[in-house]
Amino acid sequence: MQEARTILEEGSAWYAAQRATKEDLALIRKYYDQISYFQSLGDDEQASLADAKFHLAIAEASHNLVLIQMMRGVFDLLQFNVLLGRRKVYSETHRFDQLHDQHFRVMDAIERHDPDAARDAVCGHIEFVVQQVRMIDEEEARRQRASRLNRI
1 MQEARTILEE GSAWYAAQRA TKEDLALIRK YYDQISYFQS LGDDEQASLA
51 DAKFHLAIAE ASHNLVLIQM MRGVFDLLQF NVLLGRRKVY SETHRFDQLH
101 DQHFRVMDAI ERHDPDAARD AVCGHIEFVV QQVRMIDEEE ARRQRASRLN
151 RI
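Numbering (my numbering), first residue to last: 1 to 152.
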């Protein structure tokens with residue numbers, strides 16, 4: 001899913017930075033704000049939905065019908081993927097701050113109509129999540145191995 005997200009979202013962000021209307025920008029900002037709001041309430045499900053809608057709003061701001069349909073087609077999978085990632089990655093405050101900043105950089109680049117910065121920001125965001133999930137999974141596997149060894 002992460003590879004597909006990278007391909008879809010880098011193009012979406014690049015075109016969104018060139019084509020986003022005021023209404024598109026307002027919708028992207030709305031979902032950006034909702035992510036923080038629901039996160040502050042500890043509502044992972046609603047925060048994940050807002051997060052997925054943030055990424056979908058960027059695709060819609062690209063005004064590329066094929067990209068939009070592709071993102072809509074994988075929306076449920078995207079939302080589930082975001083929820084799983086959030087439960088792992090957002091478990092520590094410093095990671096929430098990093099992800100919040102990454103979302104801001106994506107949004108800011110689109111608002112500034114800087115397609116290269118938007119593409120780079122979204123790719124950096126997705127790569128960060130992939131690395132963090134991998135690191136968390138590896139640490140959990142180490143803990144499980146250590147736990148089994150301690151029982152022997």
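Treat the hints as calculated values from the structure; they're not laboratory data. Where is the CB? At the ideal position from N, CA and C, for every residue including glycine. One thing to keep in mind: the hints can contain errors.
Stated by the list, open to error - Label-pair distances were calculated between CB atoms; the ranges are:
(1) F80 to D101: 22 to 30 Å
(2) H113 to T6: 20 to 28 Å
(3) R112 to R148: 46 to 54 Å
(4) D44 to D137: 16 to 24 Å
What the hints assert, rightly or not - With a cut-off of at most 20 Å between alpha-carbon atoms, the simulated DMTMM-like pairs for lysine to aspartate or glutamate come out as follows:
(5) K88 to E45
(6) K30 to E127
(7) K22 to D114
(8) K88 to D101
Now for the hints, and whether the structure bears them out:
1. F80 to D101: 22 to 30 Å: Taking Cβ atoms as reference, F80 and D101 lie about 24 Å apart, which means the hint holds.
2. H113 to T6: 20 to 28 Å: holds, 22 Å
3. R112 to R148: 46 to 54 Å: Holds, since R112 and R148 (Cβ atoms, about 52 Å apart) stay within the stated range.
4. D44 to D137: 16 to 24 Å: holds, 18 Å
5. K88 to E45: holds, 13 Å
6. K30 to E127: Roughly 24 Å between the alpha carbons, so the hint for K30 and E127 is violated.
7. K22 to D114: holds, 15 Å
8. K88 to D101: holds, 18 Å
Hint check: a violation occurs at hint 6 only; the rest are consistent with the structure.
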